[in-house]
Structure formats: C-alpha cells, structure tokens
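Colleague: Now for the letters of each chain:
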Amino acid sequence: METPVELKYAKTHEWVNTEGDVITVGISDYAQDQLGDVVYVELPELGREVSIGEAVAVVESVKTASDIYSPASGVIVEVNEALGDSPEQVNESPYEGGWLFKVRFTDLSDDLVDAQEYEQYME
Amino acid sequence: MEEQLKRTPLYQSHLDLKARMVPFGGWDMPVQYAGVMQEHQAVREQVGMFDVSHMGEFRFKGEGALAFLQSITPNDVSKLKPGRAQYNMLPGNQGGLIDDIYIYCISPEEYLMVVNASNIEKDFAHVQSLITPEVEFSNESDQWGLIAVQGPRAEETLQPHIDVDLSKKKKNSVFFAELLGFPVMLARTGYTGEDGFEVFVKAEQAPALWSKLLDLGIVPCGLGARDTLRLEAGFPLYGHEFNETLTPLATHYGWVIKDKEFHGKDLLVGQPIVRQLVGLTLEKVPAREGYPVKSEGQVVGMVTSGTLSPTLKKPIAMAYIDVDALDKPLSVEIRGKDAPAQRVELPFLSK
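Respectively, the protein sequence lines represent chains A and B.
In short: position in the first sequence from 1, add 64, done, that's the working numbering.
In short: position in the second sequence from 1, add 472, done, that's the working numbering.
No false leads were slipped in.
The following label-pair restraints were derived from C-beta to C-beta distances: (1) Thr128/A with Glu733/B: 38 to 46 Å; (2) Ser115/A with Gly762/B: 25 to 33 Å; (3) Glu145/A with Pro812/B: 19 to 27 Å; (4) Tyr559/B with Val69/A: 51 to 59 Å; (5) Asp149/A with Glu805/B: 22 to 30 Å; (6) His712/B with Glu142/A: 34 to 42 Å; (7) Glu66/A with Glu817/B: 40 to 48 Å; (8) Glu145/A with Gln510/B: 25 to 33 Å; (9) Glu118/A with Gly762/B: 18 to 26 Å; (10) Glu142/A with Leu739/B: 55 to 63 Å; (11) Glu118/A with Glu817/B: 37 to 45 Å; (12) Lys786/B with Val69/A: 34 to 42 Å; (13) Leu602/B with Ser115/A: 54 to 62 Å.
Calculated pairs, SDA-like style, for lysine to any residue (alpha carbon to alpha carbon, straight line, at most 20 Å): (14) Lys809/B with Thr128/A; (15) Lys785/B with Leu99/A; (16) Lys785/B with Thr128/A; (17) Lys490/B with Glu187/A; (18) Lys785/B with Val122/A; (19) Lys809/B with Arg112/A; (20) Lys490/B with Asn155/A; (21) Lys786/B with Asn155/A; (22) Lys756/B with Ala146/A; (23) Lys786/B with Tyr104/A; (24) Lys490/B with Met186/A; (25) Lys786/B with Gly148/A; (26) Lys490/B with Asp93/A; (27) Lys756/B with Glu109/A; (28) Lys809/B with Gly148/A; (29) Lys785/B with Gln153/A; (30) Lys785/B with Glu156/A; (31) Lys490/B with Met65/A; (32) Lys756/B with Thr128/A; (33) Lys809/B with Ala119/A; (34) Lys785/B with Asn155/A; (35) Lys756/B with Glu152/A; (36) Lys785/B with Glu152/A; (37) Lys809/B with Tyr104/A; (38) Lys756/B with Leu99/A; (39) Lys756/B with Asp149/A; (40) Lys72/A with Asp175/A.
Since the hints were made in silico from the structure, they are not lab data.
Glycine included, every Cβ here is placed at the ideal spot set by N, Cα and C.
Just need the whole structure built from these sequences, with the hints factored in.
Modeller: See the structure below:
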C-alpha cells in the first residue's frame, strides 16, 4: 500500500496536500482499495463553505456510498471535474489523477497525522 | 460482546487468495478477491466460482417427507421428480416469508432443502415446530461445503473432469458425480442469471476441490459480484426484497404460490397488496437500499437493493412502490436531491 511521506492523513482516510493556504484532498491508497471499484464521485459545489469534519463529497463503489470529510474549514475553490467521466481514477491514481477537491482554508484539522503514523493506525 | 463470526470450510482458502473478508449474516465471508467488476465480468463472459458453504442444508427422509414439505411450502413439491430442484419459500406464522429456499429431490422419500445462511437457526426451529413423527429431519449445514461454479463456460470447463455427460443435465437437474476425484452432488442451479452448477462436497474436502477448480482457471468471486449479478438478473435477496412481513404476491415471484393448502397460506395470500416490487433504472448516481422513492413530491416507496450495473453501465435498483403510484413519474431521493428514475421490467438483464 502506498503512503506518500509528503502528505498528511486523516483517520477517516483522506489525504491532504498543503500549498500555501490551499489544500488538495483525496482518499488514500488504503481507502480506495477497501472501497473497491469506484463508479461515481459526487463532488462539492465551487464556493461552498465547509467546516472541519463536514461530509462534503461522496465516493460510490459498486457496493456502497462513502462520505468524504473535509479536513479543513474554508471554501471549496476547485473540484476534480475529470472524475465525472473517469471515476476509476480514484482507484488507479489515488494521489494524482484521483484527487477530489481543493479548499482555501482558514483552519486545518488538528487530527491530521504523517504517513508513518497513518500506517501504524491502519495496522 | 463482539459477535463470533462463523467460518466456512473455505475460510483459509480465501485468506490464501488475499480476499477481503466482511461479516455477512453472522459469517466471515469474502466480499471480493481481485475486484467486483472483474469478478462480475468473469461470470457474465467466462466462468467464476463462489463459496456458498454458509448456506444451510436440511435433509428430510421417509414416507412422509413429500407430504410434509408440501404442507409447509407454497410451491407444488409433488411436481418435483427425483433428480430435480425447485425454488420454493417458507411462509412464517405471521403472514410473510421466513425464507426463500431450494428443494432438491434425491428420491421420492428423500429431499434436501437449501436455506439462506443467516436464517439457518430460525428456519430449523420453524420446521422443527411443524415436523411430523414420520419424517426424519436433520440439519446437515456443517457437513457440507458448497461451491457455485457459474458462467457461460461452466459446462465446458467442468466436463473434462467429471464422469457424467453435462450436456444431458438440464437446468434444475440434481445428480451425483465424481468431479476432479471428489464425490459430489451437483445441481444445475445458481443465483447469477448465468448457466452453472452448485457443487455440494463434504466440508473436509471443500478446500482441496476449491484449489483444483482454481487450477482450471475458474475465477474466484466474492459476495460483491454475487450481489451485482443477482440484481441484474432480478433475483430477490432475503432480508431485502423478502422478509417476514412481505408477501411474494407483491413481487414477480408470486408464481411460486400454487393453488394448494399449506401452512400460513391464509395470512400470506390474504395480505392486502399496497406496494409492489419494481425495477428502476437511474441516470447516473446509484440508488441504495433504504433511499426513498418519490412521485410528485410525495414518498411512495423505498429502494430495497441498488447498485451500478457493471453490464449495463448504469444504476439499477429494486424498490417497493405504492400500487397507486406505479404509473406515475418516479424519482429516488439521493442525499437530499431527487434523481429521475424509470420503471423497467425485471430482470434488468435477460439471458
């Protein structure tokens, strides 16, 4: 299972990449593997104000629908439109092509952990 | 206290294949190996296999066996000849079904009943409460491994390794054979909408048989694919489309109820039919179990099973709908938004 060290992770299996005051959010390799074949992704609307821990996106696998939680408070500034036509990107490329949304944040969750701690958590 | 999950004789085989295990009806079962889509496709186009050893087997023997089975089920068991299988149901004491079942006729005085895994204890207690002295009744669920080999290439894959001519065995045939060196009972039945065989093997021999079937190139498939396959085929799943309060007359399985007397008949056929089971297709987002079905702003039903159909590449669902809303435009409420739904005939996929 791949867990890039430059990212932070939530215990609800989102990964977070911070650049300035914007974070990019996706789901971890572990999470996509657990979900199985992703068939549909519901993304938040641009400009939506979100809070830490709020369910803002939904990743649907063949079997089930799973909420994705925002690791930050702020505003949705970009979403991965390409997932509309190719939701399987979440499985195939969870850290690159399968990213979900970006938040310009005012506050970041205190519960994010580094790759090592996330891996320990999953064991 | 955490529930102790039961394991089938193939539990270790699943771990060896690195299957993802999930709790299902009290059992620790594989939900997928390589992936639901891949496994689904293997069964639609080639051949796959499922561990269904968690299902229960009850045996009925003796001169009174037929009369007894006839008295507790709605289908006409007297039409069942030796070497044949029949889909049937177990009506409860309250009007609904306590299970849907298969009955296999071994001889005029010996029958095997296959019941759903999560219902074994309940079904046993129910049958036991009605049993008559002239019937020898036993629960053999722990003695049997059950492997369902399913797909258009099932027959040609098994034929070189079995001592009977499979081309002579029609759908719903039941027969004994030696398969890959193991004494087995096979039924040409399944739950995928494809041709195939359900193979009963002694529990202790199940792992060795499973392993040899893998060597033939049969794709191991989990509960995930089993669910998408059965849903495309329009098959009801107990606990979703059937339960102890629903009558099969409200579904496309009303045909099982024949004109005869049986335990629970009055309550089962006397129920007013206020909702009917229908098939729905949606445009994009999958509808899931429990989502409300609406018409003209009002809730008129509930989704009982739903997924994205891997074959049709669009969301399909089964739902109970108020009978007076059947001809109205329908939508499914998905996370607060109404998604238009089309009513379609079941099965979604006809073979």
